[in-house]
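If you want the building blocks of each chain, they are given just below.
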Amino acid sequence: MSTTTLSGTTITPAPTSALNLSRTTATAARVLRQLRHDPRTIALLILVPCLLLVLLRYVFDGSPQTFDNIGASLLGIFPLITMFLVTSIATLRERTSGTLERLLAMPLGKGDLIAGYALAFGALAIIQSALATGLALWALGLDVTGSPWLLLLVALLDALLGTALGLFVSAFAASEFQAVQFMPAVIFPQILLCGLFTPRDNMHPALEAISNVLPMSYAVDGMNEVLKHTDMTATFVRDVLIVAGSALLVLCLGAATLRRRTA
Amino acid sequence: MMNINRGADETPDPEPASGAASGPEQASGTPAVRADALTVVRGPRTVLRGLDFTVPRGQITGLLGPSGCGKSTLMRSIVGTQAKVTGTLEVLGRPAGHPTLRTRIGYVTQAPSVYDDLTIRQNLDYFTAILAPGRPTAERHQDVTRVLDDVDLTSHADSLAGNLSGGQRSRVSLAVALLGSPELLVLDEPTVGLDPVLRRDLWNLFHDIAATRGATLLISSHVMDEAERCHRLLLMREGEILADDTPDALRTNTGSDTVEAAFLHLVDQATAAAREKETTR
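Residue numbers (the UniProt record's numbering), protein chains in the order written: chain A, 1 to 263; chain B, 1 to 281.
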């Protein structure tokens with residue numbers, strides 16, 4: 001049977017491929033457009049990390065060395081936390097509002113959706129990290145030996161990791177309340193174990209072993225490498241690859257939680 | 001592939017209920033939907049129990065029954081979003097949920113599924129980009145303008161969906177389903193909460209879509225007076241189909257004045273039959 005539309009054209013069914021560039025960018029643009037209607041969220045996302053860095057700078061007014069250490073680590077942790085929160089709530093809303101069911105009944109690939117979100121929040125993370133890094137380096141006197149670009153790279157990968165974790169976790173949250181509670185459950189243990197408070201090799205061996213498999217440990221480690229070394233060390237490359245690999249792995253796990261057919 | 005020829009095994013009553021817009025009969029090809037022993041289990045409950053029915057092409061088929069009888073589950077099965085579906089379910093000649101069906105079916109869920117923090121136009125722009133990414137922008141724009149006009153929301157195109165009334169939001173949701181002129185529209189209670197004028201306008205639109213675009217519409221409702229506006233009816237109760245006929249035939253066969261009375265008659269009959277079975281056992 002042939003169906004003619006009013007405009008006289010027939011639409012040939014476009015099969016759903018794993019990743020379609022224009023569907024992915026359309027999704028990313030849509031997510032950013034949604035955010036644009038919510039300027040307060042954007043302001044909070046971008047300004048809060050900067051304000052916290054300023055706060056931290058004057059908390060350690062007497063010991064700039066401590067600010068250097070903690071400040072650099074936090075430049076990696078902030079984007080992870082904010083992107084985790086934003087993504088988990090945004091995708092939870094997509095699930096509960098019925099738009100996810102509608103999209104998956106349409107020719108949208110799961111990869112398109114995940115990549116669209118990662119692209120949109122990644123762009124936001126670049127702005128956030130650039131501002132926070134710039135502020136820390138030039139206004140707050142954060143003393144970094146290596147290139148600020150490398151700091152930015154790690155921050156961006158952390159943001160992607162946060163996006164990935166948020167996407168994944170939203171599948172297990174039935175409400176916004178639960179989604180927010182996943183933050184202390186998933187992120188706080190990593191903050192405690194990542195080496196921010198005490199070097200990881202000072203921890204109980206069991207905890208050190210756990211911290212060895214948590215991605216945030218490598219994010220913070222990477223930041224510290226940039227802090228102390230002028231050029232890209234082998235450890236830094238390892239750290240970056242591990243963070244990027246974890247982000248990719250969790251994104252795939254997130255895609256697996258999207259089901260076209262649900263009970 | 002087994003094709004059931006509709007007219008042959010049904011009561012001879014080919015005239016649609018409202019003489020207004022009779023859908024162009026698609027003599028050739030398969031029915032829009034064909035179910036055979038269709039069963040759906042949700043958790044511990046069997047929601048649909050071995051349904052056999054067909055939905056003819058180019059017509060409006062009403063899916064009626066009390067809330068909780070399995071209408072939405074049946075619609076989700078047809079669209080391909082329902083898990084644990086057993087039996088045969090063919091949609092537009094393909095097994096339900098087949099990837100190529102995703103551009104050929106328009107689906108409206110019971111609760112409006114649109115982005116509240118986007119304007120109506122931004123919602124439509126996004127969904128049309130998902131449906132037909134390769135289509136020229138001008139054509140997509142034309143499509144958006146058309147569906148806005150269809151649901152009478154052109155003047156609100158730049159309002160945020162979240163600021164609209166409930167009835168307006170459900171019309172945005174309907175507009176999304178109309179994008180790309182799908183061959184089959186599956187509408188889950190599309191007229192709930194709308195005033196009588198809008199309801200009449202939407203039913204006129206549905207008839208227009210069936211008549212001029214040759215599309216098939218499957219529309220659920222628990223309001224029996226809407227049944228009179230359908231070409232065919234599927235009456236459901238507790239996961240089973242009580243009747244599959246035209247509104248006229250239903251009234252005649254049950255000796256009732258309205259579809260509502262016919263439905264109640266059939267329910268009583270079914271209950272009595274079930275009780276009979278109990279006692280004879």
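Hints were generated in silico from the structure; no laboratory data involved. You may find that some hints are simply not true.
Taking CB as the label site, the calculated pair distances span [to be verified]:
1. A:I126 / B:G43: 50 to 56 Å
2. B:S159 / A:K228: 41 to 47 Å
3. A:L44 / B:L205: 40 to 46 Å
4. A:A185 / B:D225: 30 to 36 Å
5. B:V223 / A:C252: 19 to 25 Å
6. A:T96 / B:L264: 35 to 41 Å
7. A:I126 / B:A37: 51 to 57 Å
Glycine is no exception: its CB is placed at the ideal position from the N, C-alpha and C atoms.
For each hint, the structure was consulted:
no.	hint	verdict
1	A:I126 / B:G43: 50 to 56 Å	violated, 44 Å
2	B:S159 / A:K228: 41 to 47 Å	violated, 55 Å
3	A:L44 / B:L205: 40 to 46 Å	holds, 43 Å
4	A:A185 / B:D225: 30 to 36 Å	violated, 51 Å
5	B:V223 / A:C252: 19 to 25 Å	violated, 46 Å
6	A:T96 / B:L264: 35 to 41 Å	holds, 36 Å
7	A:I126 / B:A37: 51 to 57 Å	holds, 55 Å
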